Amino acid sequence: MSAPGQGSDGDEGGVFRRAWAILWKDLLIEGRNKQSFTAMVSFAALVLFLFTFAVGPDPELLGRLAGGLLWVGIVFTGMLSLSRTYQSEEKGGGLEGLKMYPGELRSIYLGKLAANLVLLTLVEALLFPAAAVLFQIDMWPHAPQLAAVAFLGTFGFSVVGTFYAALTVHLRARELMLPLLLFPALVPVLLGAVNATTLTLTGDPMGNFDMWFRLLVAFDVIFFVVCTWIFPILLED
Amino acid sequence: MCSRPTYRATVRRPVSGGEPAVRLEGLGKRFGYAWALRDVSLELGRGGVLTLRGPNGAGKTTLLKILAGIYRPSAGRGTVLGADLADDADRVRRLTVLLAATDFLYDELTGVENLRFASLMAGDGRGPRDWDAALERVGLTPAAHDPVRTYSTGMRKRLSLARVLLRPAGLVLLDEPYGGLDRQGAGFVDRVVEEIREEGRSVVLATHRGGEAARRADAVARLEAGRLERLEEGRR
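Taken in sequence, the protein lines are chains A and B.
Under the numbering used here, the very last position in the first sequence is 237; numbers go up by exactly one each time.
Under the numbering used here, the very last position in the second sequence is 236; numbers go up by exactly one each time.
Honestly, the hints are just simulated from the structure, not real lab data.
Don't take every hint at face value.
Keeping only pairs whose Cα atoms sit at most 20 Å apart, straight-line, the calculated EDC-like set for lysine to aspartate or glutamate is [said to hold, decoys possible]:
#1 K34(A) x D146(B)
#2 K34(A) x E90(A)
#3 K34(A) x E113(B)
#4 K34(A) x D107(B)
#5 K34(A) x E108(B)
Only part of the chain A face toward chain B is listed, based on derived beta-carbon distances under 10 Å [claimed, not checked]:
#6 G14
#7 L98
#8 G203
#9 E236
A short list of chain B residues far from chain A (calculated; beta carbon distances all over 12 Å) [unchecked claim]:
#10 R38
#11 A122
#12 D124
#13 R216
In this text the structure is predicted, and so the values were computed from the model without any measurement.
Quick reminder that beta carbons are idealized off the backbone N, C-alpha and C, glycines included.
Using the sequences and the hints given, assemble the complete structure.
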């Protein structure tokens, strides 16, 4: 332990320790009040249900549209999670509460990103089987490939979404501004995820899956590096 | 523009040599076009207690947040235990601990869990025994495993104080530490300040109210509209 007056020791693993602390705290809070998770699952089920009614009972049409419908559902549901990303901090006095601790500020971003990713993944674990039933698609044979696409798509969405949620956290009209700013930035990841999912479910005679998959990987890597790097600037007063 | 006098505070019994606990030269902070703090110069030796007085909006909280490394100064220079406030905010945050007027507690977590989170974030290496000891010290052992949303205002303040006590920082910053506390609680704050001083650490305390620690500080600074209007020796 440090001597009085010397403060805490600097530590290289501190970024991950602090990110873990934020993830642990956010999931514990969510586990206790279940507000986000319940709202997300209910909303996702509702969206899928409405899509099924809107498209009609044609299994072939539903199969072709499944990728798009699923990802629109995931994005809308994810917006609920994103808008609450920094809510637990706002109640306690805002992000300043996290800024007063020593260490790199990007650990805040990494912790919040991990929390969003975990929450959205849990929702998808219920959403995909529900979609399989409603859209009358046998997803099980494609499960590993679908899981990879879902992870990359969700990661890309969370990376950009967590960043924009911090950008809009102090805005008065943040509920409106977040989707307005976020949706244009999400176009590449949505294109990649929708096409990769559709090709997985309906077959890929032209061998285009790899192209969309690589787009997802590139998007995730580039935006993860950029967002992590510039996040501390967002927290400057 | 006429130049303003520079006020300097020094402790009567310097604990050790080296850099002072706080050294500010013409420090200012601007939010947009509005100056919250302007041209503040003072020096506080190690082991000293400085009390900031002044009405709402005087700049006390802003000054404490600058000293805590949360805000970057817009003008002037300053150091905390040798760490530069403008260029070395991370080191400043390592050397200081802040009891903020807003408690930054999480209602859904228990008292112990809030301390655990604070320890993980600060990387202070504290564990369950330390958290229990800190809670015992502030008289919260019976409520240690209750959610913070069930705490009274005074209990929240005590938990915030426990969080401060966990950190071995050289400069302790207390923003309205007497707020929400009864006479017994205020006496406890005074004792904590005295203990911190005896450990050779420094304290900057902002308050509207009296209290032993405020009255018996080494120096009392009066802020008005973001300016340091007066700095006088404490009654210690």
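Taking the hints in turn, this is what the structure says about them:
Restraint check for K34(A) and D146(B): satisfied, since their Cα atoms lie roughly 18 Å apart, inside the 20 Å limit. A threshold of 20 Å between alpha carbons decides the hint, and for K34(A) with E90(A) the separation of about 18 Å falls inside it, so the pair holds. With a C-alpha separation of about 18 Å, the suggested pairing of K34(A) with E113(B) holds against the 20 Å cut-off. The suggested pairing of K34(A) with D107(B) holds, with an alpha-carbon distance near 14 Å, which does not exceed 20 Å.
Restraint check for K34(A) and E108(B): satisfied, since their Cα atoms lie roughly 11 Å apart, inside the 20 Å limit. Checking G14(A) against chain B by beta carbon gives a least distance of about 5 Å; that is within 10 Å, so the hint holds. Interface hint status for L98(A): upheld, as the beta-carbon distance to the closest one in chain B is roughly 7 Å, under 10 Å. Restraint check, G203(A) versus chain B: the minimum CB separation of about 47 Å is more than 10 Å; hint violated.
The restraint placing E236(A) at the interface with chain B holds, with a minimum CB-CB distance near 7 Å, inside the 10 Å limit. Listed as outside the interface, R38(B) is consistent with that label: its C-beta sits roughly 16 Å from the nearest C-beta of chain A, beyond the 12 Å cut-off. For A122(B), the condition that its CB be more than 12 Å from all CB atoms of chain A is violated, with the nearest at approximately 5 Å. A beta-carbon of chain A is positioned within 12 Å of the beta-carbon of D124(B); the least distance is around 5 Å.
Under the 12 Å C-beta cut-off, the non-interface status given to R216(B) relative to chain A holds; the minimum distance is some 21 Å.
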